[in-house]
Structure formats: structure tokens, C-alpha cells
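Q: Listed below are the residues making up each chain.
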Amino acid sequence: MKKEEKVSIRRNTTTSANDVSIFKNDSIIEFKNVTKDYNHEVVALNKVSFKIKKGEFIFLVGPSGSGKSTILKLLVREELATEGNVIVNGQDVANLKEKDVPFFRRKIGFVFQDFRLLYDRTVAENIIFALMVVGATEREIKMQLANVLELVGLTGKENYYPNQLSGGEQQRVALARALATKPSVLIADEPTGNLDPKTADEIFKMLVEINNRGTTILVVTHAKDTVDKLNKRVIALSAGRVISDEKGGYAGYDY
Amino acid sequence: MTTRSYLLKEGYDNLKKNASKTFSTMLIIFLTLLIVGIFIVIFQNVNHNIKEVREQQGLQAFIKDGIKESDIEYARSEILQIEGVKSVDYISKEASYQDALNVFGDQSYFLEGLEKVNPFPASFIVRFYNIEEANAIKEKIEKIDNIYNVQFNEGTINAVIIISRIANIFLISVGSVMLIVSMFIISNTIKLAVYSNKREIYIMRYIGATNSFIRKPFIYEGIIMGVVSSLTSFMTISIAYVVLYARLPKVGTSLGIFGFIPYSQLWYQVLIILLIIGLLIGMIGSALSLRKYLKV
Ligand SMILES: Nc1ncnc2c1ncn2[C@@H]1O[C@H](COP(=O)(O)OP(=O)(O)O)[C@@H](O)[C@H]1O
Ligand SMILES: [Mg+2]
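Here the protein sequences come in this chain order: A and B.
For what it's worth, my numbering labels the leading residue of the first sequence as 1, then goes sequentially.
For what it's worth, my numbering labels the leading residue of the second sequence as 1, then goes sequentially.
Calculated directly from the structure, the hints in this document are not laboratory data.
Nothing here was measured: the structure is a model prediction, and the numbers come from that model.
Ideal Cβ placement from N, Cα and C applies to all residues, glycine included.
Hints may contain errors.
[To be verified] Within a straight-line C-alpha distance of at most 30 angstroms, the following computed DSBU-like cross-link-like pairs (lysine-lysine) qualify:
no. : chain 1 : residue 1 : chain 2 : residue 2
1   : B       : K9        : A       : K157
2   : B       : K140      : B       : K51
3   : A       : K247      : A       : K32
4   : B       : K198      : A       : K107
5   : A       : K97       : B       : K191
6   : A       : K107      : B       : K292
7   : A       : K182      : A       : K142
8   : B       : K16       : A       : K157
9   : B       : K216      : A       : K107
10  : B       : K198      : A       : K142
11  : A       : K142      : B       : K16
12  : A       : K107      : B       : K9
13  : B       : K68       : B       : K51
14  : A       : K182      : B       : K140
15  : A       : K205      : A       : K97
16  : B       : K17       : A       : K142
17  : A       : K157      : B       : K17
18  : A       : K99       : B       : K191
19  : A       : K99       : A       : K32
20  : A       : K97       : B       : K292
[Said to hold, decoys possible] Away from chain A, derived, C-beta distances all over 12 angstroms, residues of chain B:
no. : residue
21  : Y12
22  : R127
23  : N130
24  : T232
25  : P262
26  : Q265
[Stated by the list, open to error] If you want the footprint, here are the derived chain A segments under chain B, 3+ residues with CB under 8 angstroms:
no. : region
27  : 99–107
28  : 130–138
Whenever a hint applies, use it, and build me the whole structure from the sequences.
A: Right, here's the structure in full:
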């Protein structure tokens, strides 16, 4: 509630043409000339600009060290841009108050290459954990648990521990956990990096399905064949710069 | 499971995960609270006795030598008219001499030759209702004719007061050092718990947990340690007191020297103070470490 009010205040008081344009086109994420250097040494991102519309499916590709993970970290405000603006849902993340950051993050689901599950808890407990974190009621927890388990095809495995599951299944648990809190954006950092191609395909299919239901998706990946096959918008990075941003893959590049 | 019971369970799980660390931490808090408890017990007993003895023995007002009996009677009636005075007893020079003989017992031979001179003055023993008014009453008696000196009749309790002061200073300084030490030990234990839960905390942050949600299990952990320690130290003190009380002189039954208060007049003070202190060091101890080690 609070956040919405803030957004509308911003809308009324801003005069800059750029800011107004965010609201005309319904971009959910915007990077404007973003530069990021770590410790004033490594320039991880160099004047990066792009817009992502609500409901888009986007691949973020590029060689290792090109700044892909940095983009995701800036998005969830784990890091702050050195220069430029990162705007999510019309809000410049640099202007977020420290105490509002958790609420901001609840709108973004995150999936990692290494799953990041809690291994001393069952599948159900891992998902319930996420719902507890956001203060869901018992009813909501029951409903969402059943929903997301079905969505990722793990119904019946709720009492398994992560170690009793295959890598693909573990990533599906992570996916279910990320989706349980109904984020409007899902970001994934090499979600299939630890999986064999067949399992990876299943995960990508699931991501497309989730995207079809309305969630905006941004995926960092090295899975070249899948990127080509799915024919989505691809943002390609090299040495911290956007070198290509178009639909249909980035065939000329080894990633 | 509600969110609150979830957070409490997390706090409890943390305690179990580091069982040996938890145990040694609680042992230190237990010892600290034991000292605090002993201090409360001694403080209350000594205060009660000082009050009791003062009320029992009251003031001693010495009467000038060689004055007429009617003047003595007059002085007595003056004292009785002072507000707050309960009773006035006259002790003649002869009675004082006899008292001295009794006090010195076998060693009283040196008093024998003094019988005729009798250096002991006559006096009034003045008792009053409220110990708080003692000083005001003392000042008023001093202004009465033929009275030359007024003293608290507390020869026996002076030693008690001095000993209790030394004990109190000792207990207060050891106790406060241990309170501070306990707080740091709690904070160190919580720091380890934070460290061993780093993964969880990292994941929680990504899911969008608020700082207070992340902190709560650790605060509960500190509170549980504090409260359990205060209850065990309360039990220990209670048992020790009741056992000792059966063998020690009781207040009111002894000859006005030193008697112990029954525990029924004491336990709730000990319990409340120990619980509050246990709770506080648990909370402050964990808050200390969270501020430093849980940058969320
Ligand atoms: N926390 C950090 N401190 C210093 N340098 C970092 C940090 N994180 C990333 N970098 C550097 O920033 C550059 C981009 O890293 P990253 O965004 O992780 O690339 P990618 O995900 O594309 O492999 C790399 O040179 C990396 O070494
Ligand atoms: Mg990376």
C-alpha cells in the first residue's frame, strides 16, 4: 500500500520527460546509463541502458565476468549503481529507504545456479519458510503451497528433503519457493548451470509457462541452443557493455 | 504454525544446534544471577535486622547526674509528648551499674571498687513507632532540659552494619562485573549462532525478510537463555535459603542480635529481580551482537 502511494507522489511531482515516459510505456525494469565499479577498481558495468516491459521474457547472455550477475544484484539492490539509475516498478532503487528494501524484494523472485535451499528442511518447509518471511497467513500458506507445488510438478514430494531429490527437482523447489510469494518479476542466475541438457530443457519449459501466466522473466544463461530455440529477446553483454539487444538470439557469439 | 511460534521455534533450534555453547553460556549467567540473588538476600536480611534492632532498642537519652526525681519525671513526660514515641523506660544509675556487671560477667572485678562512685549515668530508653522518624525524635529529645546526650542504642548492630557494608560492596562490584561479562558472553554466543545461520540469513534477505524478522529468533534465543538461567538460580537460592533457614537463628526469636527473615517474605522479590535481570541481559546481550554482526 505504502509503496503505491509513494509511486503516485513521484508521478505527480516529477517533471523530467524521461521519468514520465516510464509510466507511458509500461516498462517494469529500466537501466539508465548504469555504471558499476567494485572498490573503484573493477568496472563491472559500463553505461548500460535497457528497458524491460511487463510480461517480457529476456535472456541475459555474455562471457563469464561480463557483468551479468552484477545486473541482477543491482536489480534487487544488493549492490548500488556507481552512476546512472536502476528503476524497478517506477521506483529508483537508490531512493529506497533501508527499511523498505525487504518489501521491495518481495516483488522479485530470485533463482540461483546452486539452488540455495535449506537442506535441513523438507520441500514443503522450504516453501513455507518463504511464505512465513513475508508474513503470510496460515490459509494463504496452505493455498500457495499447493499451488506452487502443482505448478512445478512436485505434488507428492512435499515431505522429501532436498538431498533426496535430483538436481532438476531441487531447482524446481527453488522455483516454487521464488514463486510462492507471487512476485511480478522472476530473475534467474544460470538456473540450469548445474543441470544436464535434458533437465535444463524442462526448467526452461517451466519458465516459459510461468511467463505465459504473466510473470516478467529475466534469465542469465549459457545454454546457447535453448536461447536460439526459444526465440526471445536477448541482451548480450561483453566487458560490462551491452553489445546487442534484439529478439531472436545472438548467434554470432560464443557464450 | 503461526509466524510467532515459528520464530520461537527457530530461536529454540538455534539453542539446540549449539548445545554445549548454550550450556556454558547459561552456566555463566546462572552464576551471575546467583551472586545477584545472594546480594538481594543479604541486603534484605541486614536491612530488616537493622530496622528491627533499632526499633527494639530505640534511643538512649542520658540524664545529668544529681538532679531531682521530679525533674526526671518532668523530662520523661516531655519525651512521651513527642509525636511518634511509643514508650520511655527509666534506667537508674544503679540499674546501669548492674547491667555493666552482667555484660562483663567474670571480668567485672575491675568494676567492684566503683560501686560507690558509680560512673554510669541514668538514662531513658526511648522506643518509637517508626524508624524513619528516629532522627527527628532524637533532635527533639536533645533539646529537653537535663538530658545531655542522646544515642542510638545500636552497639550490637554496628558490627552487623559494617560487615554488611563490606559484603554489599564486594557483591555489588563482583556482581556488576559479572553482569557485563554475561552480556558479552551472550552476545558472543549469539554471534556464533548468526554465523552458523549465514546461509539462512542470506536466503531470507533475498526472499524479502525484514530486519526484525531475521533478528527475532536470535533475540528469543537470548531471552530464553536469560530466563532459564534466572529460574534455575532462583530455585538454587530458594532451596539453599530454606535449608539454611532451618538451622539459623530466626528474626524476632533471638536476643536482638541477628535473625533471618522467613523465605515467605523474600521469595517474590528475589524472583522478580532475577527474572528482570535475566531478561534484560538476554535481550541486551543479543541486541549487542546483532547490531554488529547482522548487517542486513
Ligand atoms: N563483490 C565484488 N567485488 C569485486 N569485484 C567483483 C565483485 N563481484 C563481481 N566482481 C567483478 O565484476 C565483474 C563482473 O562480475 P559478474 O557480474 O559476476 O560477471 P558474470 O556474472 O557475467 O560472470 C568481474 O570482473 C568480477 O570479477
Ligand atoms: Mg555470474
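Q: The structure should be examined with respect to each hint, and the outcome stated for every one.
A: Structure-based check of all given hints:
1. B/K9 x A/K157: holds, 24 angstroms
2. B/K140 x B/K51: Distance of about 21 angstroms is within 30 angstroms: holds.
3. A/K247 x A/K32: Holds, because 20 angstroms separates the two Cα atoms, which is no more than 30 angstroms.
4. B/K198 x A/K107: Since the Cα atoms of B/K198 and A/K107 sit roughly 23 angstroms apart, the hinted pair holds (cutoff 30 angstroms).
5. A/K97 x B/K191: With a Cα-Cα distance of about 26 angstroms, the restraint between A/K97 and B/K191 holds, given a limit of 30 angstroms.
6. A/K107 x B/K292: Holds, at about 28 angstroms.
7. A/K182 x A/K142: Satisfied, since the Cα-Cα distance of roughly 14 angstroms is no more than 30 angstroms.
8. B/K16 x A/K157: holds, 28 angstroms
9. B/K216 x A/K107: holds, 23 angstroms
10. B/K198 x A/K142: holds, 28 angstroms
11. A/K142 x B/K16: With a Cα-Cα distance of about 28 angstroms, the restraint between A/K142 and B/K16 holds, given a limit of 30 angstroms.
12. A/K107 x B/K9: holds, 27 angstroms
13. B/K68 x B/K51: Violated, because 35 angstroms separates the two Cα atoms, which is more than 30 angstroms.
14. A/K182 x B/K140: violated, 83 angstroms
15. A/K205 x A/K97: violated, 37 angstroms
16. B/K17 x A/K142: Judged against 30 angstroms, a Cα distance of about 28 angstroms means the pair holds.
17. A/K157 x B/K17: holds, 27 angstroms
18. A/K99 x B/K191: holds, 22 angstroms
19. A/K99 x A/K32: With a Cα-Cα distance of about 25 angstroms, the restraint between A/K99 and A/K32 holds, given a limit of 30 angstroms.
20. A/K97 x B/K292: Holds, at about 20 angstroms.
21. Y12: Consistent with the label, B/Y12 stays out of reach of chain A, its closest Cβ about 14 angstroms off (over 12 angstroms).
22. R127: holds, 65 angstroms
23. N130: holds, 56 angstroms
24. T232: holds, 29 angstroms
25. P262: Nearest chain A Cβ is 50 angstroms from B/P262, so the label holds.
26. Q265: holds, 47 angstroms
27. 99–107: Per the Cβ count (6), the hint holds.
28. 130–138: holds (count 6)
Comparing the model with each earlier hint shows violations of hints 13, 14 and 15; every other hint is respected.
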